[in-house]
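Visitor: Listed below are the residues making up each chain.
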Amino acid sequence: MDALLDQARLIWEGEIDFKGQRLVEYLTYALLTLTGLIAFFIGLSTQDIYRTLYIGLGGTALTFLIAVPPWPFYNSNPLAWLPAKTAPRGMGSGVDRAQLQGISIEVDGKKIS
Amino acid sequence: MHNTLTRIQNVFGFFTSVAFAVAAAIALSVVLSSQTPSASLELRNVQVVKGRPHYYSTKREEYAHVKFDLDADLSTLFNWNTKQIFAYITASYPSTTPSTIPASEAIIWDAIIPADNAPWHQNTYIHPSSKADVKAKKPAKRGSKSKKDTTKPYPAGAQPGILKLSSQKPKYQITDISGRIAERSNATLTLHWNVQPYVGALVWDSKRSIGRWQGLKGGESKFEFPPLKGTEGVKKEDLKVEAGGERNRGKPA
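Residue numbers (full-length UniProt numbering), protein chains in the order written: chain A, 1 to 113; chain B, 1 to 253.
Please note: incorrect hints may appear among the correct ones.
[To be verified] Label-pair ranges, simulated between beta-carbon atoms: (1) B:G157 to A:L37: 49 to 55 Å; (2) B:G157 to A:R22: 57 to 63 Å; (3) A:T46 to B:H54: 48 to 54 Å; (4) B:L32 to A:P78: 35 to 41 Å; (5) A:A80 to B:S17: 51 to 57 Å; (6) A:F41 to B:A158: 15 to 21 Å.
[Stated by the list, open to error] Facing chain B, from chain A, some residues (calculated, C-beta under 7 Å): (7) G14; (8) E15; (9) T28; (10) L32; (11) F40; (12) S45; (13) Q47; (14) F64; (15) V68.
[Said to hold, decoys possible] Where chain B lies over chain A, by a calculated footprint (3+ residues, C-beta under 8 Å): (16) 3-9; (17) 50-62.
Simulated from the structure, these hints should not be mistaken for lab results.
Everything numeric in this text was worked out from a predicted model, so none of it was measured.
We put the CB at the ideal spot given by N, CA and C, even for glycine.
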């Protein structure tokens, strides 16, 4: 049940990694600005304001489609987290204590591991 | 930008900025389109009769019926951002004591002229077809195509902003606040308009040229209100009700 809820939460929140966040921000600004410029100039050259409206709305819909869902290419650079320090209790075979050897973690100048 | 909700908010937020910028650019772009409005407005006939403002009124007032000829070309006022034009004709006349009371101005006729791509509305103007056109079309009245042609705000074969009215009846009969309008002199008929855009500012008519917008050429004529037409013998109850054209919107009043 918990696993199912976690799955649902992942889909609902749709988190992406840090490089993906930068990419999606660039894409949003570039696509929407381009949409506005294209809509205005096509409308002006054809003297049809409805064309401006529909190109603008279409481009915005496209931007939503590209920027909002957590597409796989936004998650292509996952962050390499440090392994857990101790195996969680009750999980039996967790991370081996030996794997933590040679890793030093400092917090505020104090060595904690 | 880390989860879906934040991304929706960011995209929508920037979309509103872009929409505002595009709307502002459209509103400003209309100064690039050149305008050369011209009109010739002539008084055809003016009569002053006594009447009552509504059926139960005990007042007797003088009403002026101003018939006019209008040949206007306002088609250059329609650019890509024009939704409709409210065109109206005023009769203005000085007061009896011009030093203290300003001149009066009353609308005798008006029309909402939509652009070709504006959504249909029942209040928009339908240009009357000329007599020759009506006669020529009568045999072919069965088809629905001819009916569509006659419900346009401009004469057949023309474009929005063209008005060719001959001996047009007024939409509104005008009177003075004193109830007396006969034998006033120095009156002027003037064509005015108000351009209503899809986005941007409302623009009224101007005699001056600003940039690529030329001022209105013509569209003015002087006249005098004639003496009262003989209704002295008519009983008060038999006087006509001088209701305006508010109730027949759209139709050629």
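Visitor: Next, verify each hint and record whether it holds.
Guide: Results of checking the hints against the structure:
1. B:G157 to A:L37: 49 to 55 Å: 38 Å, violated
2. B:G157 to A:R22: 57 to 63 Å: Since the Cβ atoms of G157 (chain B) and R22 (chain A) sit about 59 Å apart, the hinted range of 57 to 63 Å holds.
3. A:T46 to B:H54: 48 to 54 Å: Between T46 (chain A) and H54 (chain B), where Cβ atoms are some 50 Å apart, the hint holds.
4. B:L32 to A:P78: 35 to 41 Å: 52 Å, violated
5. A:A80 to B:S17: 51 to 57 Å: About 37 Å separates the Cβ atoms of A80 (chain A) and S17 (chain B), which means 51 to 57 Å is violated.
6. A:F41 to B:A158: 15 to 21 Å: 30 Å, violated
7. G14: At about 4 Å, which falls below the 7 Å cut-off, the nearest Cβ of chain B leaves the hint on G14 (chain A) intact, so it holds.
8. E15: Given a least distance of 5 Å, the restraint on E15 (chain A) holds.
9. T28: At 5 Å from the nearest chain B Cβ, T28 (chain A) passes the 7 Å test, so the hint holds.
10. L32: It holds, given that the least Cβ distance between L32 (chain A) and chain B is near 5 Å, below 7 Å.
11. F40: 5 Å, holds
12. S45: 10 Å, violated
13. Q47: Interface hint status for Q47 (chain A): holds (4 Å vs cutoff 7 Å).
14. F64: 6 Å, holds
15. V68: At about 5 Å, which falls below the 7 Å cut-off, the nearest Cβ of chain B leaves the hint on V68 (chain A) intact, so it holds.
16. 3-9: Violated: only 0 residues of the region 3-9 of chain A have a Cβ under 8 Å from chain B.
17. 50-62: holds (count 4)
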